[in-house]
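Enquirer: Once you've looked at the hints, dock chain B against the given chain A.
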Amino acid sequence: AQSVTQLDSQVPVFEEAPVELRCNYSSSVSVYLFWYVQYPNQGLQLLLKYLSGSTLVKGINGFEAEFNKSQTSFHLRKPSVHISDTAEYFCAVIFTGGGNKLTFGTGTQLKVEL
Amino acid sequence: ETGVTQSPTHLIKTRGQQVTLRCSSQSGHNTVSWYQQALGQGPQFIFQYYREEENGRGNFPPRFSGLQFPNYSSELNVNALELDDSALYLCASSLTGQAPNYGYTFGSGTRLTVV
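Listed in order, the protein sequences are those of chains A and B.
So the first sequence is numbered by our numbering: it starts at 1 and just counts up by one.
So the second sequence is numbered by our numbering: it starts at 115 and just counts up by one.
To be clear, the hints were calculated from the coordinates, so they are not data collected in a lab.
Warning: the hint list may mix true and false statements.
Here's a subset of chain B near chain A, in silico, CB distances under 7 Å, partners left out [claimed, not checked]:
1. Gln155
2. Gly156
3. Pro157
4. Phe159
5. Ala201
6. Leu204
7. Gly217
8. Phe220
9. Gly221
10. Ser222
11. Gly223
Since we're looking at a predicted model, the values are computed, not measured.
C-beta atoms are modelled at their ideal positions from N, C-alpha and C, and glycine is treated no differently.
Looking at chain A on its own, in the form it has when it is part of the complex (with noise of 0.2 Å):
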């Protein structure tokens, strides 16, 4: 079966720490993987993809993700997260020959203190 894993519903950490959100996919087929961002009451932003190439992806804000094939994997990593960074976090997935189709995980509330 295909899906989409996100392991954490929410993750608190301190304004400077860096931070991993992790995501986790289950296929038989080719994908192409990528983040979104949602702030309150807001819409989805594409923070960034992997479509094939080089496994480690550069996003938006200083964000990037690394795609692991073996371990089915896309977490997504900030060095150093600020106060504006505060939001839910989106993994998605395109299964090919689904019909380009989103498929998302549960999400994570990614919470970021002083």
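Expert: Okay, now just chain B, sitting in the frame of chain A:
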């Protein structure tokens, strides 16, 4: 370049009623997808429209229906509303064949509350 615009932003309906949500695609995009995001959950794919026809559907009952117009704008219609239909409804536009490369542009959503 305009983004994706959704209307209304908030809506309260009574169980059993019908509702229509609207979406204007980003300029140059010809495909529209609709997602339902229940509270505390990730968005769930409802359906996608291309060339004014449904081009993929998620696990939603037939009372969820849609339209796409020649200018690529779209409507989501939900009949016989149920309490569980309360959610944020997101519209996303893309260019067919390019969605993985260029991604989807999401609107800010319509918050539907069914009472």
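Enquirer: For every hint, state whether the structure bears it out.
Expert: Checked hints:
About 6 Å separates the beta-carbon of Gln155/B from the nearest beta-carbon of chain A, less than 7 Å, and the hint is met. Hint on Gly156/B holds. Least Cβ distance to chain A is approximately 3 Å, under the 7 Å limit. With its C-beta approaching chain A no nearer than about 5 Å, Pro157/B sits inside the 7 Å limit, and its interface hint holds. Because the closest C-beta pair between Phe159/B and chain A is about 4 Å apart, less than 7 Å, the hint holds.
For the restraint placing Ala201/B at the interface with chain A, the shortest Cβ-Cβ distance is roughly 13 Å, beyond the 7 Å limit, so the hint is violated. Residue-level restraint check for Leu204/B holds (minimum Cβ-Cβ distance to chain A is 6 Å; threshold 7 Å). Because the closest C-beta pair between Gly217/B and chain A is about 5 Å apart, less than 7 Å, the hint holds. With a least beta-carbon distance of about 4 Å to chain A, the hint placing Phe220/B at the interface is held under the 7 Å criterion.
Among the interface hints, the one on Gly221/B holds; its C-beta lies about 5 Å from the nearest C-beta in chain A, closer than the 7 Å criterion. Annotation: Ser222/B was flagged as interfacial toward chain A, and the flag holds, the nearest CB pair being 4 Å apart, inside 7 Å. Checking Gly223/B against chain A: minimum C-beta separation of about 5 Å stays under 7 Å; hint holds.
Comparing the model with each numbered hint stated earlier shows that hint 5 is the single one that does not hold.
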